[in-house]
Each structure stands twice: as structure tokens, then as C-alpha cells.
Amino acid sequence: MAGGTFRARARKALENPRLRRAVRVTMNNFMSARRAAMAELAQLAREGLALGDFAAMRERARAIKQHTLDHLDHYLARAATAIGERGGHVHFAAGAHEVGEIVREIARRRGVTLAVKSKSMATEEVHLNRALQADGIEVVETDLGEYIIQLAGETPSHIVGPAIHKTREEIAQLFGRVVGRELSTDTPTLTGVARQVLREKFVRAGMGISGANFVVAETGTLCIVTNEGNGRLVTSAPPVHVAVVGIEKLVPTLADLYVFLGLLARSSTGQKISVYTHMITGPRRPGEADGPEELHVIFLDAGRSDILGTEYQEVLHCIRCGACLNHCPVYRQTGGHAYGAVYSGPVGTVLTPLLGEFRDWKDLPAEACSLCAACWEACPVGIPLHDLILKHRQKTAREGLDQSGLGGPLRLGAAAWTKPWAYRLSVRVGRLALRWFAREEEGGRRWAVKAPGPLRAWTEGRDLPAPPEKSFRELWAEHLRERGQRA
Amino acid sequence: MALFITCLGDLFFPRAGMAVVKLLEHLGVEVTFPEGQTCCGQPQWNSGYPEAAAALARHFLDVFDGADYIVSPSGSCASMVQHYYPEIFRDDPARLDRTRQISGRIYEFTQFLVEVLGVEDLGARYPARATYHQSCHMTRLLGVEEPPLRLLRNVRDLELVPLEHPELCCGFGGTFSVKSPEVSVAMADEKLDDVTRTGADLLVGADPSCLLHLAGRAHRRRLPLKIMHVAEVLAEGVGL
Ligand code: SF4
Numbered sequence: 355m356a357g358g359t360f361r362a363r364a365r366k367a368l369e370n371p372r373l374r375r376a377v378r379v380t381m382n383n384f385m386s387a388r389r390a391a392m393a394e395l396a397q398l399a400r401e402g403l404a405l406g407d408f409a410a411m412r413e414r415a416r417a418i419k420q421h422t423l424d425h426l427d428h429y430l431a432r433a434a435t436a437i438g439e440r441g442g443h444v445h446f447a448a449g450a451h452e453v454g455e456i457v458r459e460i461a462r463r464r465g466v467t468l469a470v471k472s473k474s475m476a477t478e479e480v481h482l483n484r485a486l487q488a489d490g491i492e493v494v495e496t497d498l499g500e501y502i503i504q505l506a507g508e509t510p511s512h513i514v515g516p517a518i519h520k521t522r523e524e525i526a527q528l529f530g531r532v533v534g535r536e537l538s539t540d541t542p543t544l545t546g547v548a549r550q551v552l553r554e555k556f557v558r559a560g561m562g563i564s565g566a567n568f569v570v571a572e573t574g575t576l577c578i579v580t581n582e583g584n585g586r587l588v589t590s591a592p593p594v595h596v597a598v599v600g601i602e603k604l605v606p607t608l609a610d611l612y613v614f615l616g617l618l619a620r621s622s623t624g625q626k627i628s629v630y631t632h633m634i635t636g637p638r639r640p641g642e643a644d645g646p647e648e649l650h651v652i653f654l655d656a657g658r659s660d661i662l663g664t665e666y667q668e669v670l671h672c673i674r675c676g677a678c679l680n681h682c683p684v685y686r687q688t689g690g691h692a693y694g695a696v697y698s699g700p701v702g703t704v705l706t707p708l709l710g711e712f713r714d715w716k717d718l719p720a721e722a723c724s725l726c727a728a729c730w731e732a733c734p735v736g737i738p739l740h741d742l743i744l745k746h747r748q749k750t751a752r753e754g755l756d757q758s759g760l761g762g763p764l765r766l767g768a769a770a771w772t773k774p775w776a777y778r779l780s781v782r783v784g785r786l787a788l789r790w791f792a793r794e795e796e797g798g799r800r801w802a803v804k805a806p807g808p809l810r811a812w813t814e815g816r817d818l819p820a821p822p823e824k825s826f827r828e829l830w831a832e833h834l835r836e837r838g839q840r841a
Numbered sequence: 153m154a155l156f157i158t159c160l161g162d163l164f165f166p167r168a169g170m171a172v173v174k175l176l177e178h179l180g181v182e183v184t185f186p187e188g189q190t191c192c193g194q195p196q197w198n199s200g201y202p203e204a205a206a207a208l209a210r211h212f213l214d215v216f217d218g219a220d221y222i223v224s225p226s227g228s229c230a231s232m233v234q235h236y237y238p239e240i241f242r243d244d245p246a247r248l249d250r251t252r253q254i255s256g257r258i259y260e261f262t263q264f265l266v267e268v269l270g271v272e273d274l275g276a277r278y279p280a281r282a283t284y285h286q287s288c289h290m291t292r293l294l295g296v297e298e299p300p301l302r303l304l305r306n307v308r309d310l311e312l313v314p315l316e317h318p319e320l321c322c323g324f325g326g327t328f329s330v331k332s333p334e335v336s337v338a339m340a341d342e343k344l345d346d347v348t349r350t351g352a353d354l355l356v357g358a359d360p361s362c363l364l365h366l367a368g369r370a371h372r373r374r375l376p377l378k379i380m381h382v383a384e385v386l387a388e389g390v391g392l
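Chains as they are written, first to last, in our numbering: chain L, 355 to 841; chain F, 153 to 392.
Rather than coming from a laboratory, the hints here were simulated on the basis of the structure. Just so you know, these numbers come straight off a predicted model, no measurement behind them. Incorrect hints may have been included.
Unchecked claim - Restraint ranges, calculated between C-beta atoms of paired labels, are given here:
1. F/R349 x L/L398: 30 to 40 Å
2. F/R305 x L/L779: 36 to 46 Å
3. F/R305 x L/Q550: 52 to 62 Å
4. L/G784 x F/R302: 30 to 40 Å
5. F/R349 x L/G759: 34 to 44 Å
Quick reminder that beta carbons are idealized off the backbone N, C-alpha and C, glycines included.
Isolated chain F, as found in the complex (with noise of 0.2 Å):
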């Protein structure tokens, strides 16, 4: 199994990284890093730049040609390389090839765990009180909704509550957060007040740039609430 660690994952959560190297091997699989990788090209792709995130999405197909599943901590990185490359090599017909088999064996890290190994109950313990942000890429285009949830469900001591709306984004939407910061913010507020209405002192999310982006809102406005990748919780919550 190759870990697609994504740029933000690298930069920012090296943490929520290596625990889901932790959590995978603990559960004997073997993880490679193939160390060429770099950005799945997403930014490019979604401010109308096509051609950019062509050169990085070729660079992808050749980093991880050949891996048998490729595993992401990030929904939305995920869901690019399995939404968006086929269309990126739409008149390419040599790479949509090998990009159709790589989007069959490309898994956000909690569906893996899940729907692969079949595995929802890791015997974890995490005493808290917390809510799951559930972000969009990863539920509207990778389809994965259930899996995070099924894996904190069954976490000792984690009272897992609902956010009343929690089909609502963030806010992050890449480059959006910075061309409407207003409106980012505003939408980040009402996630964050919808999280804080529910008395849970961690959120938890699956997708290192919405969480960088409540992280970093929630600590502008002072916000006692810890913020979690769903595989540290995890990992935290089997002692690893």
C-alpha cells in the first residue's frame, strides 16, 4: 500500500500522517512512501488552470504506477485524483488508461480501513466529547460519508455528537478562502458555532485543509476546542 501524504498533509500534518502509518501497519499492511510524490494539483485544477494541474497530475501517474492501492488522509486529494483526472486526460487515451486503474485502487484513508480491510472496530479508546466534520469533496464526490463515522462509533469513551448541519462547508474551498476571505470566515463561523452548540471540546475531521482552516479560525477567536485528524484519534486511542 502507497501513502499519498498530500502537500498540506506533509507541511502541516505530519502527525495525522504517520498515524495512519501507524494505525496501517499495526494492522499488518506493509506502507511504502514513494518519496517523487508531490501535489495531487488540485489548487490548479479548481482556479481554472487545467494545464498546471495536467503536468501534476502526470507527475502523480508515475509516482504511484504500479501500487496496488494508494491511500490518502485527505478526501478531497482523493477525490481529485478519482473525480477530476479523467477528465484532465480526457484526449490522452495512453494515461486515462492509467488513470482509470489507479482511481479504482485510490482510497481516502478511513474508506480503506473500512471497505478494504474491513475493519470498524480497532478497540480504541478516546475519552471525549466530539463532533465529526464531514467535508464536501469527500462525501459528494468520493462518496465516502459513512466510513469515518462507523470507525469513531465504535471508539470506548468517544461520545461521538451531531452537528445540525453538517453538510454545510467550511469554507476552506481552496483558493476561495483567500479570494473571499469574508465569506470563508463567515461560513467557518457557522460551522464553528454549530460545533460549539454541541458541547464537544475535539472536532474531528478526515481532510487536513478544512481542519487547517477551522484550526486556524477557531484559534482566531479563542475557541477552546481541539481539532483532530480522524487517524490520530485513532491512533492516539490504540496507544500508538
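Excised from the complex, chain L in its bound form (with noise of 0.2 Å):
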């Protein structure tokens, strides 16, 4: 569990303007990316050039997802076949402590010191990295962002950009505290320096990890999608590769994979595909030149089963493409250490509080979500994110976990407000109490600054209006004598 709530770790965020202008100006950079990728796919649909628009794209997605994982077990059992067969290893882990036993016997029969990571976030869910350390082996993030971050000793801040919310210059300090030296900020200084620093680990690695984007159940081919080549080179230089994927990250056939590549870069950074995709089907055989003698596969649960079967089954759908981080602006305004946990933004609000303790992390559903549905209409996999989260809240409140003070006046309301007297008398009495608040006058009209009760915390940065002389009953009892009189 994080520690504080979500609000106090949004507030500390809000107060840091330099993490503010980061997170903004990346969104920014991505959402008009994303725009233009839509607007030519739409093209490439009406030339026929495409599988569909992104409605039409996200409706096939979303379809093979919800089969694929209405039959599982099927699915997973046919990948765990043809791993076997094309000569892979497949693990089965329960949740965290099972990944990282297989991984450290693994790393002990090969006498491993030094592992090389390409990005993912299952082993970050499972905290990998420090089981590992615990038994003395050095682990090497290589994806540029998770690398700066591993410096930092932070978390990923972004699904797709794990740094973003680093500046320039913060990322010259961390490198030039690797290699001894004051670093200028720019582009091909810290690149190289990264290159350089992580070239030598590639070399030495005993063991490379991974994730997956997707597993292709029919033919076991991992598919591995990136920007950077050190996916490349933790896949296929050191003697060993492990892969770790969530096991919601099947897709049937090498079609349906087709279907999933036209949708993730383009929602995520924009770009029509990512710079490397890579296959990887079984470990090296016999003639070929590179890649790892041995190839595991540890398909993670953790808490993932629990959530088939259940309303919030959709989203195991998560490609994991960010988008919704991106258009989320809850997110833009804070970046994602506020949410205090591995997945942030709206798929981090609906996940995090699955795969944890509820009560733990409740107060991400209840206070980092304005519920304005710009996840959803995003995601390419059309999750609605925003009816998850709404049933977050549904059962924090029957669980009784509500505790912003506002179930009780919410439901006296409601048992109120079937009864139009019992309204008109409220309102009455709201509209006094608000006037005899208000006492500020200012350009005709009166402004309450200090509000009592469950309006307080709307004071404290905004003003409340004075509700006008006369209700809209009183201006429509008027209106109809007058019509009245005029008929």
C-alpha cells in the first residue's frame, strides 16, 4: 500500500511546477500525435487500406479480447503447448513471491550475477527487481525512461513513458553521477552516455528479462513492441531469456495480433507502429546465429483470475497502451506517482484496487476521477473505464467505506427529493442559507468565500454564487399569470 491518500499525494504534485509543465507538455505531445494517427487511419480505411476506422478497430479488438478471455484456460493451455513444442520453458505464477522463486532458481542453475531488463510492467508489479537484489544479483533497467528512473529510485510515472516527468537537466545530474562527470543536457550527451553504460551490461548479462505486449497462443510467439533497441538486445544476447506476461495478454492467432498492432502505437504515441516489433517464437536453434539458449515464459496471475467472471472483467482488455493516461485530466494535472502504485491514471484507478487490498485503495476511485469519460473515449480497446470506476464507488459505499462524510446527506437527499414539497422546502431553506452566506457583493451579485459544512472544501478555491432573488418556480409561477393575462 502507498503511503497517504491520493489527495495528499496530488496536492504535493500540484505544488511542483516543473513536474506539471513535464507531464502537460508530453500529454499535449501525444494527444495531437494520436489525433493525426486517427485521422489517417480513417483515410486508410476509406481507401481500403486499413482494417477499419478506430471505431471499427476498437469493435474487432474488443471482440477478440472478450473471446480470448471467456475461454482462458483454453487459451493459455494452447500457448503453453506450442512454447513447449518450439522449445520454451512456461511457468505458471500465482502472484508475486512464485515469480520471483522461478526467476532466482533460474538465475542460480545458470550461476547469473547480472541481469538485463527491457521495460514491463508485470515484473514492476511484482517488484522483481528486489527479489533479485535480495540474493545478491545486480538488475539493469535498459529502456532509456525505466533506466532513469532506476537512478532516481522512483517508480515508472507513465505506462508508455515511465520518465516524462523528469527534466532535462534532472536526468544530466543522474547520469553524470554514473560516470563521474557534469553532463551538458542535451539529446545525443545523455543518449550516448545511456549507450555506452548499458552496451557494457549487455555484454556481461547472464540472464535478460522481459515482458510481453501479446502472447500468440497458436504458434507461443511472444510479441515484444518498443522504440528503443534494448529490447532487441535483452531478448537475444544474453544466454537466458524470461519473459513475464500477465496471462490476460493472449490474443488466439497471428490475424488477431494484426488487429492489436494497428491500434497500440497509434493510441499510444501516435506513431503507426512502434519503431521494433519483434516475434519471438522458441529460443535459438540449432544454426541460427543469435538469440538465448533457454526461453522462459512465467505467465502472471496475480489477482488477474479473480477479476473474470466479475463486472470488471473488461479491463483485462488493457493493451497497455497509456492512452488513457494521456487524455485523463485528472493525470495531466498531477502525473502518476499520485496514484501511489505501479499502474496510474484511469486503468490504474480501475486495476490498482482489484490487484490489491480494496480498502487500501479506494480513494484512487473516489478522488482522481471527475468521471468525464475522455479514458474511454480513448482507449482503443474501449474499456469504460469511467462505469469501472463508477462501480469502484458503488462498492466502496456498500462496503461502508465511504468516508468523505457525503453517503449520509447524498441519501437523505435522495429519500428527500422523491418528495416535491420535501424539495421546494429544501431548496427554500438552501437558497436562505446560501444568501445569508454569501455576503460578498460584487457586480450585482452576492458570492459566499467561506461555505459551512460539505461545501467548505468548494470554498477553499472557488466561490459559491448566490442563488438568484427569485427560483426558476417563483419566474415560472410569474411567467404563467402573465401568459395568462396575455391569452
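Put the complex together from the two separate chains, hints included.
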């Protein structure tokens, strides 16, 4: 569980103008790139060069995901067989502990002292680095963003761009510490340093650890999508490759994979397709020049099968493109660390309370969402994230965990407002009270600058106008009288 | 046509409500106001209290039963009825049926003008440099984006300037505005900064809740910005 509440962490983020600027600029770039990519996709669809426009593609993707999840046992077995037939080893891990055990066991057997990793949310989720470091194994993140936050001792702040909250200056400082000299902040210098440091790690590493964006059940193929060459090195240079994959990452066939590849990068960074799309089917075969001697695929459950068959099942459609984060106005203000968990933004708000202890994370759905539904609109697999957040809120209320103090008034209000007389009475009382509290006169209107009770939080940053002299009902009654006279 | 004024509309924006009445009567529509109406139940629904929301939804059905059209000056409340009532009455076949009938007949005000009455130009004139706040539930859940813009584009002397990020939420979000006031205010600030950058002196919207929020923040910041409901601009523009 993370320390504090979302509200407290968000407040801290709001006080950091540098972070907010960095997040906002990146989000703007992602948003406009996606918009352009979607327009282009629509054009391609019109010319018959794509499977469809965004809406059509997303329907297909949704249908494939739903089918796969409805028959997940079947496809998991299928994938396991296919991977085995091609010389890979398959493991099933119920949770973080098992993943750690499996990887450590492999490392021990192969005498691994250094492991290189490519970016993977699943290994973040199970804190694999910690487990390996406990065994004295050095683990180096090789994705540039991941490497940066590893040096900073932080967690990713975005699914796709883990270090988007960092400025050049901060990065130059972090890298400068590694090489022991002051660095300039231009891109070639910084990437040059990272490349130089990481190259050496690739050569020495006994194990490469990755995730996978998709696993094709039919062929046992791992599909890894990246924008950096590190993924290719991690999965092919060291003698052992271990992939940790959530069980929901399965797709039935290569043809299905095609649908998702058309959506992933477009939704994420606005690219047609990512720079590297690796398809890995089995370890190195005799006569092949590269690839690992040993390939292990660890299918991770960690709470996922508990979501199957529930009203939340659709969240398992997620392909971790980050589009919901990019379009979330709350994320935009706070960045990812305010969410206090591995997955941030709207998908994190839905997923984190499901994967962890619900009661520990109930403040995310309660506080980190304005229900604007921008996430749902952007999501390439059509997850109604805003509705799933509502379901969390319902659960919070049902289980008596709502501590906002609003539950009582809301229920009472509803009971009263089914009676028109009680509604009218409460509106009258409310009007009088508000007009009484609204004492600051300006521009012909009175404003409340400090309201009591549940409205206090409102007036921390906003004024509340006094209700006008007459309510609509009164104006309407006058209108009816005038209308009667006219007639 | 039955007017659904909404609780916030009744309390805070009576003039916008009257503007709707006058405009519709001006267009020859007979307006009724079912007196028993209260609230659509959105605050309860969005905060996780579906039973409480259902009580209000049942009341809504009873009050508006039999209306040929229901028109509301709030895109958000109209979307509540259309988008969420079917879910609320999922296990109540009789009410689900009535909901289906009603949800085909409920319209946000500008949507009603454009889609039902076929009116896009009211012959209004309103001199201002204005920008339009697109509210989330109205666009994303109700699917109404163009109608208010079309109406505003046809107002003489109204220069309509676009926002850089029209799709961003203003930060109201019902109880979100008091559960996460700091983020909510930060979102309002981004919206207001966007508005200010356009040089507009008038901000127009079609949802009382967003307008209340933005007006409250703008006032705290002492921004010289006029905030109006689209119905008010149109009614004043035709001299009603
Ligand atoms: S929930 Fe949808 S938009 Fe968000 S990361 Fe997953 S696939 Fe992308």
C-alpha cells in the first residue's frame, strides 16, 4: 500500500510546477500525435488500406479480447503447448512471490550475477528487481526511461513513458553521477552516456528479462513492441531470456495480433507502428546465429483470474497503450506518482484496487476521477473505465468504506427529493442559507467565499454565487400569470 | 414539450431556464413545467449510491410520464437519464420499458432546437468575443457536440473563438469538486487560462454545473470574464 491518500499525493504534485509542465507538454504531444494518427487511419480505411477506422478496429479488438478472456483456460493451455513444442519453458505464477522464486531459481542454476531488463509493467507489479537484488543479482533497466527512474530510485510515472516527469536537467544530473562528470543536457550527450553504460551491461549479462505485449496462443509467439533497440538486445544477447507476462496478454492467432498492432502505437504515441516489433518464437535453434539458449515464459496471475467473470472483466482487455493516461485531465495535473501504484491514470484507478487490497486503494476511484469519460473515448479496446470507476464507488459505499461524509446527505437528499414538497422546502432553506453566507457583493451578485459543512471544500479555491433572488419556479409562476393575462 | 429544469438550474440558473422557455415559446412550442420534478439523481449515482439514485429516477419517470418531449438546459442531466437510467432499471422490466420510451424523447436544449425543430439560426445578434465550453457528459455520453456551436455560429456579431483544448474537463465532476478540491481547481484553472488566452470576454456553456464551477473559480481569481448559458445568449440576442 502506498503512503497517504491520493489527495495528499496529488497536492504535493500540484506544488511542483516543473513536474506539471513536463507532464502537460508530453501529454499534449501524445494527444495531438494520436489525433493525427486517427485521422490518417480513417483515411486509410476509406481507401481500403486498413482493417477499419478507429471505431471499427476497436470493436474488433474488443470482440477478440472478450472471446479470449471467456476461454482463457483454453488459450493458456494452447500457448503453453506451443511454447513447449518450440523449445521454451512455461511457468505459471500465482503472484509476486512465485515469480521471484522462479526467476531466482533459473538465475541460481545458470550462475547469473547480472540481469538486463527491458521495460515491463508486470515485473514492476511484482517488484522483481527487489527479489533478485536480495539474492545479490545486479538488475539493470535498459529502457532509457526505466534506466532514468531506476537511477532516481523511483517508480514509473507513465505506462509508456516512465520518466516523462523528469526534465533534461534532472536526467543530466543522474547520468552525471554514473559517469562521474558534469554533462550537458542535449539529447545526443545523454543518450550517448546511456548507450555506453548499457552496452557493457548487455555484453556481460547472464539473463535478459522482458515482458511481452502479446502472446499468440496458436504459435506460442511473444510479441514485444518498443521504440528502442534495448528490447532486442535483452531478448537475444544474454544466454537466458525470461519473459514475465500477465495471463490476459493472450491473443488467439497472428491475424488477431495484427488488429492490436494497428491500434497500439497509434493510440499510444501516434506512430503507425512502433520502431521495433519483435516476434519471438522459441529459443535459438541449431544453426541460428543469435537468440538465447534458454527461453522461459512466466504467466502471471496476481489477481487477474479473480477479475474474470466479474463486472470488471473488461479491464483485462487493456493493452497498456497509455492513451487513457494521456487523455485524463486528472493525470494531466498530477502525473503518475500521485496514484501511488505501479499503474497510474484511469486504468490504474480501476486496476490497482482490484489487484491489491480494495480498502487500501478506495481513494483512487473516489478522488482521482471527475468521470469525464475521456479515457473511455481514447481507449483502443473500448474499456468503459469511467463506468468501472463508478462500480468501485458503488463497492466503497456498499461496504461502508465511504469516508467522505457525503453518503449520508446524498441518501437523505434522495429520500427527501422524491417528495416535491420536501424538495421545495429544502431548496428554500438552501437558498436562504446560501444567500446568508454569501455576503461579498460584487458585480450585482453576492458570493460566498467561505461556506460551511460539505461545501467548505468548494470554497477553498472557488467562490459560490448566491442563488438569484427568485428561483426558476417563482419565475415560472410569474410567467404563467403573464401568459394567462395575455391569453 | 416538458421542461426539465434540473436542481442546479432551478437554484442557480433560473434566468437560463426562463431563456429556454422564452425561446421555445418564441418558436411556437408549447412549454409545460411538471411541478413535481426535482433532480435526476446524478449526484447519488456518480458517488456510488445506486439505490438512492434509483429512488430519484423512479420519481423522474412518474413526473415525466406521458411527455412527448423532455427538454433540459443541462447536457449532463439529460445524459444521466438517457445513458444511465437503463442501467439503473436493468432488473425492473416495467420501468426499463418506460425508460426506453423516455430516453428516446429527452433532449438537451440546443440539441432539441437543431435536431427536432431544425432551427439553427434564430436571427440573434450578440456582440462579444466568445468561446464555448464543451461539457464532457454532453459530448461523450449524450453525443451532442455540434448543435450549440451551430447556433452560436449563427449569432450576428458574436465572434466565436476556439479553445486550444476544448476536450478537457473543467474539473467539476459533481462530488469530485469537493472530494478532490485541489485537482478540481487546477483543472478549472487550466480551462480558464485556455479561455483567457483566446482573448474572449464571454464564456458560453450548455451545462449549469460546469458553469457554476468555472464562474466560481473565475470570480475567486477576479478574472474579468462573463459566463453565460447558451440559452441566455440566444434569448438576449433575439431580444427576449
Ligand atoms: S485502459 Fe485502454 S487506454 Fe488505458 S492503457 Fe489500457 S488499453 Fe490503453
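Hint check:
no., hint, in the structure
1, F/R349 x L/L398: 30 to 40 Å, "holds (34 Å)"
2, F/R305 x L/L779: 36 to 46 Å, "holds (43 Å)"
3, F/R305 x L/Q550: 52 to 62 Å, "holds (58 Å)"
4, L/G784 x F/R302: 30 to 40 Å, "holds (36 Å)"
5, F/R349 x L/G759: 34 to 44 Å, "holds (37 Å)"
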